Amino acid sequence: MTELKRNERLLVRDIAHARAGDKGNTSNVNIWVYDSEDFELLKRTVTAERIKREFPSLVRGTVTRYVIEHLHGINLVMGEALEGGVNASLNLDSHGKSWSYLILGLTLDTGETIR
Amino acid sequence: MTKGNGTFRIGTGAGFSADRLDPAVDLAQRGELHAMVLECLGERTVAFAHRDRMADPRRGYNGLLERRMRALLPACRDTGMLIVTNMGAANPRAAAERTRDTARALGISGLQIACIEGDDVTKLVRPDQPYMDEPGSLADIGRPIVGMNAYLGADAILPALEAGADVVIGGRLADPSMYLAPLMRHHGWRGSDLAKLGAGTLVGHLMECGMQITGGYFADPGIKDVPDLAGCGYPIAEVSADGSAVITKLPETGGCVSEATVKEQLLYEVHDPARYLTPDVTADFSRVIVKDLGKDRVQIGGAGGNARPEKLKVTVGYDAGLLAEAGVSYAGPGAAARGRLAAEIVVTRLKETHGIKAPLRVDVIGAGSLFATAGKTRADGEDVRLHVALRTTDREQAELMLWEVESLLCCGPAGGGGYRGVITAAVETKSVLIDRSLVKPTFEVLVT
Chain A
19 MTELKRNERL LVRDIAHARA GDKGNTSNVN IWVYDSEDFE LLKRTVTAER IKREFPSLVR
79 GTVTRYVIEH LHGINLVMGE ALEGGVNASL NLDSHGKSWS YLILGLTLDT GETIR
Chain B
7 MTKGNGTFRI GTGAGFSADR LDPAVDLAQR GELHAMVLEC LGERTVAFAH RDRMADPRRG
67 YNGLLERRMR ALLPACRDTG MLIVTNMGAA NPRAAAERTR DTARALGISG LQIACIEGDD
127 VTKLVRPDQP YMDEPGSLAD IGRPIVGMNA YLGADAILPA LEAGADVVIG GRLADPSMYL
187 APLMRHHGWR GSDLAKLGAG TLVGHLMECG MQITGGYFAD PGIKDVPDLA GCGYPIAEVS
247 ADGSAVITKL PETGGCVSEA TVKEQLLYEV HDPARYLTPD VTADFSRVIV KDLGKDRVQI
307 GGAGGNARPE KLKVTVGYDA GLLAEAGVSY AGPGAAARGR LAAEIVVTRL KETHGIKAPL
367 RVDVIGAGSL FATAGKTRAD GEDVRLHVAL RTTDREQAEL MLWEVESLLC CGPAGGGGYR
427 GVITAAVETK SVLIDRSLVK PTFEVLVT
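Chains as they are written, first to last, in our numbering: chain A, 19 to 133; chain B, 7 to 454.
For reference, chain B alone in the conformation it holds in the complex (with noise of 0.2 angstroms):
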């Protein structure tokens, strides 16, 4: 299928902040998109930009956006391919005029590029809002605010699709919205057509983790096999005006799209599945029709749609202090059990001799940790290491555990090895709820 016949065809050129790009390259060159879209905004990764803002004004974007944009743009020229992205991060504008300098060293003239803005809530968020989902209020944080981002949805980014934007870059765009909007926009769906954004909310949902629905995140070998994962291709929806959509990708790529890819996805990160709540519409997955039509092709459409949410959700990114991580590995017989005695040195310098009192954990990585809470450990590892982490806002905490999970190389159990350790920034988020009324999204276009 190509374009022309009336369906819209959107790709996924990004699931998340740090996704690969030559797949992206091939899709905008090969795919006959009329869109693509970039998602690469968490909720602690617009907390992180926000620092970077504060550091250099001049930075708050996503950090590939320059290699990003220059790969795509030339395609995005040649084909009229719309590119919508949320990779401004917490800096929108700066974000968009990177963009423009960019097409204008590769010499491409005429773009125009949508900045939007207006997600940026900090200044109208009352200072003791309750939070959305937990008892307390920002008030308890305690902590320096970062920054707080209320959630868009398509109606701030149709306005500049409208003026005819190339390409359009927010901040904290809501996911599924940057891929409903151009589906408004090419199919004529009105706001009050609630069933069409139900629709076009779920191939958003769908399509927002990239390579999570055409193979990736989803091999177990010799249980669910996908072919050549390393080659894995991104999505392609095919949308038909009546919100029915096929899920596919390119020939030639790896990866697979089968009914099995496309289930995992449906409920990826959803509660209920009869209320998905985007700033759109509150979206009804649990009539979801999945139709395996062959030859990496899946047929979607069923999905419902009810009035949106009367307020925005809004993240906010505040300081958290330090996260220091450290390790030493055992290997041979009795590995588990001189990694186990190195946890127990350590808990015992750290809290007793040092009275460190802050978040610690020590794990036994190959003796169980992912699982350890779960009450799933294993005493047989013949190659395990130890991992320490502690949560403090004391730098001087923070090199101290380092320092002693470092001198286990002479003070510790036997034959131990590998010592690394890290001491990174944390930010930590929560959510509040705020007015719609009180955001007002707005666009500029810049050109080339």
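Only chain A is shown next, with the shape it has when bound in the complex (with noise of 0.2 angstroms):
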């Protein structure tokens, strides 16, 4: 994501990866930044109260956020947060593979004005 210039960069996918993976009714999605230049901003950005915040409907457990400094990443557990899991839910996507995409598609907290 170097061709972006830094004030160009809206989404956590601008400076981000991940891949999310499923146990029961519990979601865990990792995120990692390509910069690592750029992790204390993705610190700043996915932090669990974020994670409440933003999809209070679909998370309906516990946030617990896992730092790995050394790799520049975060392990985002999210409880209850598969709409019963894959032998329950009925979201065409069951086990929630998508929500790496919901990850990486909130808005970067710059600190800023966008938020």
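A portion of the hints provided could be inaccurate.
As a list, the in silico DSBU-like pairs of lysine-lysine whose alpha-carbon atoms are at most 35 angstroms apart [claimed, not checked]:
#1 A:K41 with B:K301
#2 B:K230 with B:K301
#3 B:K382 with A:K61
Just so you know, these hints were derived from the structure itself, not from any lab. Remember, it's a predicted structure, so these values are computed and weren't measured experimentally.
Both chains are sitting in their own frames, so use the hints and assemble them into the complex.
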């Protein structure tokens, strides 16, 4: 994402990549910055509180955030976040494979006007 | 790097039940592998397999077993490559017998096929055993249980390897354990060497989903481009005696292995990175190093290990009735509004006219479906599809839902077309724990 100038970056997707996995009714999304200089921005943007605030209907349980400092990544573990899980969910994506793009679609918390 | 310099070359030939075969054959032929693992079992896959076995006692194993073995056994014979797989699913013995017959038909003699049993603990679990990770117990299910399988670890696989097996077929063998067992045998790692068990478990965890580490489940055009994804190769791990490894793939295959593909897989389906539980060890991935060596080679290491969990996880599968799904499409100006009107009609008809109370969901694909619960929908889709889903134990209700959606063709909004409807059997799963002392894995070797 080096082509984008710093002031053109809007979304988490502009600085990071992510993958979603499921276990029962718990979803985890791991997120990694392309450039270590953006890690503080990622940590400021993707907080447990922000996830609960953005997706109250989807993420009904506790959000735990593990930070992997030396690899510049975050692992978000979202409880009760799969509409019952693969067993019960009637969402077409009952595994929540696409949840990675919910996180990548969040606007960056640049500390300025965008929020 | 090739065989013979101390490293153990282990590859993946399937990362899930429906994974590709032709890249596995390529890897078996050209990969100079010591071992290939085919991981083909999910929680619900094993429950479905139990149902297949109930319908026909000769079935209950992976439906692609024979095709896979027919394609891979010649390379196994020619190169001496070990095969380890959980394709036995709910019937490892029948799978081993089928593999023996396949080998014989190919004219392969002297092949030793080990069948591992003992993961089926249906008779050993208490009927009121509490759930592992949620309130309640098995007594609350109230539906017919189809099977219970304990996750077996490397200690269930090692005796078969020590007996000289060329092919090891089990049921609920834990995914990373299928990699760890051959590594323990080759490098002489003992069960008490927890750091090595953690290292081998890291290798297994990274490898078990096949192409998810070589460019699959990764591409995002323009941002994360992956070359020749249609020709993607399966991964190879070159594992040293100290537990460090290089993840790579065959030359002249599609895909890529990079720090990014490895990191995404590192925490795939992991919660606390410092506590990844398997039957073998509590692995610690929190200080793992990932270093790009270039040319689709990534060095990994630094995993730790702590004592294995005291109990084994058991997946309990039960009959959950039916899943009915049906849809109709709308396109052009106002398509999203017409799709939403169709959705309202279906809900009214099913709930009010017919009094159906079973779980029902209606989406308008193209105007917000996967992210609908997350609150992300859009009003302007010009090519949308109504998608209706219903869970019920009553076949008549399931059929009625399909009927109602099909009736929209004449009774719904303008321009609806492309009706499809399907009813599939559903199984659900719960997890419980069992004492290790109750689970007694066995193995038997069949020879061609």
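Hints, one by one, checked against the model:
no.: 1; hint: A:K41 with B:K301; verdict: 34 angstroms, holds
no.: 2; hint: B:K230 with B:K301; verdict: 17 angstroms, holds
no.: 3; hint: B:K382 with A:K61; verdict: 23 angstroms, holds
Checked against the numbered hints given earlier, the structure satisfies every one of them.
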